[in-house]
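Protein chains in written order, with the numbering used here: chain A, 4 to 678; chain B, 483 to 570; chain C, 483 to 570; chain D, 466 to 689.
These are calculated hints, taken from the structure and not from any lab test. Careful, some of the hints might be misleading.
Said to hold, decoys possible - Computed cross-link-like contacts, SDA-like style, restricted to lysine to any residue with a CA-CA straight-line distance of at most 20 Å:
1. A/Lys505 <-> D/Pro532
2. C/Lys495 <-> C/Arg543
3. A/Lys7 <-> A/Gly21
4. A/Lys8 <-> A/Gly466
5. B/Lys546 <-> C/Lys495
6. A/Lys620 <-> A/Gly560
7. B/Lys495 <-> A/Ser140
8. A/Lys505 <-> D/Pro649
9. B/Lys526 <-> C/Glu502
10. A/Lys88 <-> B/Gln566
11. B/Lys526 <-> A/Asp520
12. A/Lys279 <-> B/Pro501
13. A/Lys663 <-> A/Arg648
14. A/Lys139 <-> A/Asp388
15. D/Lys594 <-> D/His501
16. D/Lys588 <-> D/Glu667
17. A/Lys8 <-> A/Arg648
18. C/Lys495 <-> D/Ser682
19. B/Lys495 <-> B/Thr524
20. B/Lys546 <-> B/Ser535
21. A/Lys279 <-> D/Pro532
22. B/Lys526 <-> C/Glu517
23. D/Lys505 <-> D/Ala535
24. A/Lys86 <-> A/Ser670
25. A/Lys86 <-> B/Thr524
26. D/Lys597 <-> D/Leu583
27. B/Lys526 <-> C/Met527
28. A/Lys279 <-> B/Gly514
29. B/Lys546 <-> B/Val561
30. A/Lys139 <-> A/Glu244
31. A/Lys88 <-> C/Leu507
32. C/Lys526 <-> B/Gln566
Claimed, not checked - Sample of chain D residues lacking proximity to chain B, with all beta carbon distances greater than 12 Å (derived):
33. Gly475
34. Tyr518
35. Asp520
36. Arg521
37. Leu522
38. His530
39. Lys588
40. Ser596
A virtual CB, placed ideally from N, CA and C, is assigned to each residue, including glycine.
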Amino acid sequence: MHLKKLPMEGPLVIYEKGYDSGVLDAGGGYVVTAHIESHNHPSAVEPYGGAATGVGGVIRDILSAGTRPIAILDGLRFGDITKDKHARWLFKSAVSGIADYGNCLGVPTVGGEVEFDACYQNYALVDVAAVGFGKKSDLIRNHAQKGDLVVLLGGMTGRDGVGGSQFASDLLESQDRSAVQIPDPFIEKLIIEAVIEARRQKLIHAMKDLGGGGLSCAISETADALGVGIEMDVKKVHTRESGMSPEEIMTSESQERMLIITGSAEIKRLQDICAKFRISCSVIGSVTSGGQMRIKQGQETLADLPASVVANASLLDLASKRPSYLDELDAEPPGPIPDHTRTLELLVASPNISSRAWVYGRYDHEVGIRTVVRPGLDASVLRLDNGRYLAVTIDASPKHCYVDPRHGAAGCFEEACRNVACTGARPAGMLDHLQFGSPEDPEIFWTFLESLGGLAEYSRDMGIPCIGGKVSLYNETPAGPIKPTPMVAVLGLADRPFVAQKAADGDSLIILGDTKDEMGGSEYYEYVHGIVGGACPVVDSAVSRKNMDAVLDLIEGRLVKSVHDCSKGGLAVAATELCMTSEIGCDVGLDVPGGAPLDAALFSESHSRYLLVADAKSLDSVTSLLGKRGVPFGMLGKFGGSRMRFADGKKTVIDLSVDKAQRAWSSSLGDLVHG
Amino acid sequence: MPAFVVSVTIENKPGISDPEGDTILNDLVLQGAHEAVSCIRTAKMLRFTIEESDGDSALARVQKICDDLRIYNPLVSQVSIGVQAGSN
Amino acid sequence: MPAFVVSVTIENKPGISDPEGDTILNDLVLQGAHEAVSCIRTAKMLRFTIEESDGDSALARVQKICDDLRIYNPLVSQVSIGVQAGSN
Amino acid sequence: MRVGVVVFPGSNCDRDMYHVLTDVFDLDATYCWHEHGLPKDVDAIVLPGGFSYGDRLRAGAIAAHSPVIADVKRMAEASVPVLGVCNGFQILVEAGLLPGALLKNDSLSFMCEWTELLVQNNKTPFTSKFSKNQRIPIPIANGEGRYYADEDTLREMERNGQIVFKYGDRVNGSSGMIAGVCNPEGNVVGMMPHPERAAEPEINPTGRGTTSLMFESLRAGAAS
Ligand SMILES: Nc1ncnc2c1ncn2[C@@H]1O[C@H](COP(=O)(O)OP(=O)(O)O)[C@@H](O)[C@H]1O
């Protein structure tokens, strides 16, 4: 399989058979688990329920390892909300779905990202990553022996979601109407508490959540992973509706269900726990020797086949070919712009750059009282019970990936690492989610392989293992395939939290890293000029590592007051964001390392760059550390006053009131939604 | 023009579950020993006060508003619209 | 005993604001074109399926359940109860 | 002092509250499942936040009928301090232990943000260490947090000193900007914001830890 290209091993990675989530050793006898999933097709037709059930599914993956879910991150993509009313409805409904589900569970949604692009017109990408935490000794060591009982626990099995798996890989026109799932976060919350109590009492031999493919997949995958057989009776399954056929029972994708294998000595206590939480708990079968999966209806055997056959369908080796669209991209750079101030104002208020507070203000991001760094900055930070800190973020950059799938994918991985590094945490593991159109189209399959290659290479170079991932294909809108959208979540660990301080009068602004003329796929090209093409930013792993190490050392020594990554909208936007959050102005000179011309100095999205804020007393230590490391940096200017001023030599090219920028930045997403 | 009150009732389609109704039934009504109740389904209602020439046009107008604004998602919900009262 | 469907409609009392109705209305009005709508009020509806000897007792029983279990909050809401359908 | 933390199906701030009571303020806390009676030896009761019964029907409406509520009422009458936070407040109101109602926020959406409270009544067991009109930073996280009471009730509450906290700013459209209230006796207090989320410097972005005086008030009450 192609996915084997991603390095999955590392000193902190713990592998257990049958896990849906990745496990990292967090130190002191504790582990962090993480997983990522999407619910794209259902969300495109029923955004509220689709997004909500997406949260539910990934939370159960975390739970199946025996860990308590402690955080959710969401990555959202929709069409152009400035023009498209339908995209607005999809966006609003998906956010409500995630909010209502996550908030009710009491698992904080601590971060995420949102992007709008016409390629998602009439469609939606709703990615959800979840993080869990627990003691290493509490991890479920999946095992089963002959005679163990197979238990279905949680909500009732209904017709909802019948045909769901097929639905996920079909085009939207042929949607199966019965594939609508009504989310029930209340039952999910009860399942979480019941499962954690059962784990505490050591009643669980093995566990798996029911996802795509329903019982038939869960049973076959569990049997296959554990090397046992399972015999079950469809009549024992608690159904919500009468008259469901065995096929419907086996393939129902009703949410909020878990499959648990327990022993006959433990079943009574498991049933008592379920009774306490009033969730159903049906013994539907038992473990047999040999690898057969036998489905019965009462006495009658309906199916009897090796579990491995059902479990191991794999991505075939498909044809691939470099897409011809790459040769047709815009080649001409745009002409000079008359008004840089106006351009910056436009970018700050643009749908892809403006403040996300409208989104994360709807999510309870504090429940669990672990959230040390809240959403709104580069990455969010959670405190762990072992005294350490976990930084998490997710990122994707389809605009870059469209013009260059390999470097675009590596770049979004690097950006996620940068976000984590800005909080003083060292990246420890990544999750990837590869979202593409139909792989049967050789051109799309090529972009898939390229993106995967980009991720694998950066992962190897940096020694950041992939601890889990997912592939979502056939993401096609009526107008064609989506842009390649690989998404990356990065987890980092730190011994001390670094909470950014506001910049104050007299503090210095420093840029670390080279700015290059790499404007392909930038917001400046696409949003301001409508140009799709050009060279997208390229990551050099050696530079990436060197710059990141320098930042982590500056933070370790507490030499800087805050660090912000330079990404969408380039230096101009990143510096403005620092000023807005600090409520202070800044005079910025554009003498940046890397030798980019004016427009690129302002708006290029070159990677491996960080903005640093240092006060007068640490400034010398900062510059000497950077000098010693041999990393490129530039002194941009000093904070003060109430205006953002950018000067090209002696000439002021941007002069904007921070207040005004702040107002536009903070209100524009909400205004767009409420239209 | 006379004013009409048009009521729009939105509920999950029959085959689709209604967790809120289930919770109210199981955790409240049945806990209170009212076993005669076998099912509770929830719905949302919107009452529009609208000026139109007659009841039928009021009804048609409200139907159009609900569809245009995606007041409900036809994939999940069904809607019933009725003129409740007319006045002048 | 025959089963009846009794519907319970819960809505804010007239003096109490209904921000949801207001928002839907304002979104409409802002969209223009639908100025004929002057007011929108939202309500919640519960449909009870209940076995009783006749429709009147079904209604009385549901009324009692609503009062006993505070299905609506009398401080802010008013309720209207009606037998929607009976069967046997 | 022994504090009972009541747990309903769907409570989700129970563990946070327990942590703050025990690990931060060194009180003895015990979880009380809603189907069991309250232990006789508790000196105070906390109903934590969350989504009991998934907020179905109305926030707090179903939990208000839980078996444990009869015990809470009995102990409240016996002057035991009772604190309801967020969903706990909604439950106390639905159970008739506190006046008023909690309606959907003006914004119609769930709101998670930091705000400021003004202490109005510093005579309750949870506010005795505050000075009157003291400003305290605290987060809210709720969808149905708009306090409502009619004019007459509000006047009476004002007279009785039943308004414990007001918001410093217009947050959600609540009557009289009310964020927390108490019964006429003052031993039952309900509030929408989350004091347990503001009690530790590490997770408090304002750098001002004054909200922890709520827990210190409770502890001081036990000592006296
Ligand atoms: N869908 C979302 N859900 C929760 N938080 C979000 C969401 N979108 C953005 N955020 C938060 O808003 C902040 C800014 O997001 P973004 O602009 O994507 O940051 P960056 O460019 O640093 O990755 C981050 O803290 C992020 O976690």
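Structure versus earlier hints, numbers of those that do not hold, lowest first: 1, 2, 5, 7, 8, 10, 11, 15, 16, 17, 18, 22, 25, 30, 33, 34, 35, 36, 37 and 38
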